[in-house]
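Using numbering that gives the first Met the number 0, you'd call the opening residue of the sequence shown number 0 and step up by one each time.
Don't take every hint at face value.
Unchecked claim - Estimated spans, in silico, between C-beta atoms of each pair:
(1) Q86 with K163: 43 to 51 Å
(2) D81 with A262: 26 to 34 Å
(3) A206 with D115: 37 to 45 Å
These are computed hints drawn from the structure, not numbers from a lab.
Computed from a predicted structure; not experimentally measured.
The beta-carbon is built from N, C-alpha and C at its ideal position, and this holds for glycine as well.
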Amino acid sequence: MPAAAPSHAPLVLNFHGLGGDGASQAAYTRYTDLAETEGFVTVHPSGLLVETNEWGATRNWEGIGEDNPGRDDVQFVSDLIDQVAAQGCIDPKRVYATGFSNGGYFSAQLVCRLADRIAATFSVGGISRPDGCQPSRPVAMGAIHGTADEVVPFDDSSTSVLLKGADIDDDKAQELDAFFAEIIPDEVAEFAAGFNCTTMAENMFDAVTTLTSYTDCDGDVALRFYAMEGAGHIWPGSHWDKGTGKYPAAEASGLDATADGWAFMSQYSLDE
Numbered sequence: 000m001p002a003a004a005p006s007h008a009p010l011v012l013n014f015h016g017l018g019g020d021g022a023s024q025a026a027y028t029r030y031t032d033l034a035e036t037e038g039f040v041t042v043h044p045s046g047l048l049v050e051t052n053e054w055g056a057t058r059n060w061e062g063i064g065e066d067n068p069g070r071d072d073v074q075f076v077s078d079l080i081d082q083v084a085a086q087g088c089i090d091p092k093r094v095y096a097t098g099f100s101n102g103g104y105f106s107a108q109l110v111c112r113l114a115d116r117i118a119a120t121f122s123v124g125g126i127s128r129p130d131g132c133q134p135s136r137p138v139a140m141g142a143i144h145g146t147a148d149e150v151v152p153f154d155d156s157s158t159s160v161l162l163k164g165a166d167i168d169d170d171k172a173q174e175l176d177a178f179f180a181e182i183i184p185d186e187v188a189e190f191a192a193g194f195n196c197t198t199m200a201e202n203m204f205d206a207v208t209t210l211t212s213y214t215d216c217d218g219d220v221a222l223r224f225y226a227m228e229g230a231g232h233i234w235p236g237s238h239w240d241k242g243t244g245k246y247p248a249a250e251a252s253g254l255d256a257t258a259d260g261w262a263f264m265s266q267y268s269l270d271e
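Could you put together the complete structure from these sequences and hints?
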């Protein structure tokens with residue numbers, strides 16, 4: 000449902016990608032700068048440092064690349080929301096999740112498993128609707144993905160660079176092959192179907208970006224998917240990617256994953 004004027008500040012949880020940490024995600028996305036301007040709270044958690052991960056010792060979020068049955072990052076997020084709320088500064092009906100790559104996947108996981116606490120999500124460079132996903136309520140979702148992403152392929156026409164030369168046992172290799180063969184637009188469409196969205200529209204957002212919008216969904220939510228033609232594994236709008244000459248699609252696009260993500264998510268709050 001559309002958000003009402005909050006009595007406390009909204010909260011944005013911003014999750015880093017594989018191998019990153021909270022500090023690097025904050026610097027990459029500049030969400031703290033936007034939070035100061037717009038008057039919301041932003042938190043950049045760091046995932047667990049995993050020594051047995053297929054890609055070596057690195058930080059990640061629960062899901063792909065981490066199958067520890069004793070780990071529950073979703074419960075960690077619920078506890079984190081409680082901890083921040085205990086300070087009396089946030090509106091619990093306006094808690095949002097965004098993230099890059101592994102953090103984008105994790106944000107979508109929260110829709111499946113923590114929909115009663117997350118009002119909207121915005122995934123960048125990674126989104127999947129896992130088998131058995133049964134959100135307790137419809138959740139507004141946004142996502143951005145580059146069609147030339149070499150880390151998380153846009154579709155099944157290429158193989159993730161993470162798998163090339165990786166020392167992975169056969170069973171895990173098959174699991175990862177299947178995971179990275181997912182077609183990103185189809186994953187978004189599956190969420191839309193699950194929320195009974197009846198209207199889909201496709202328009203050019205800018206010269207290199209196609210925006211697919213799903214509306215008339217249960218709970219009056221909407222889903223948006225931005226496909227950036229020729230873009231790689233990036234956070235559009237980040238100063239780390241602009242001006243380098245390496246990402247021409249980022250230079251040609253007016254899309255800003257931070258500002259546009261916040262503008263989308265901030266329209267929504269949990270049902271009363």
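Comparing the hints with the structure gives:
no., hint, in the structure
1, Q86 with K163: 43 to 51 Å, "45 Å, holds"
2, D81 with A262: 26 to 34 Å, "27 Å, holds"
3, A206 with D115: 37 to 45 Å, "40 Å, holds"
Figure legend: structure checked against the earlier numbered hints; every hint is met.
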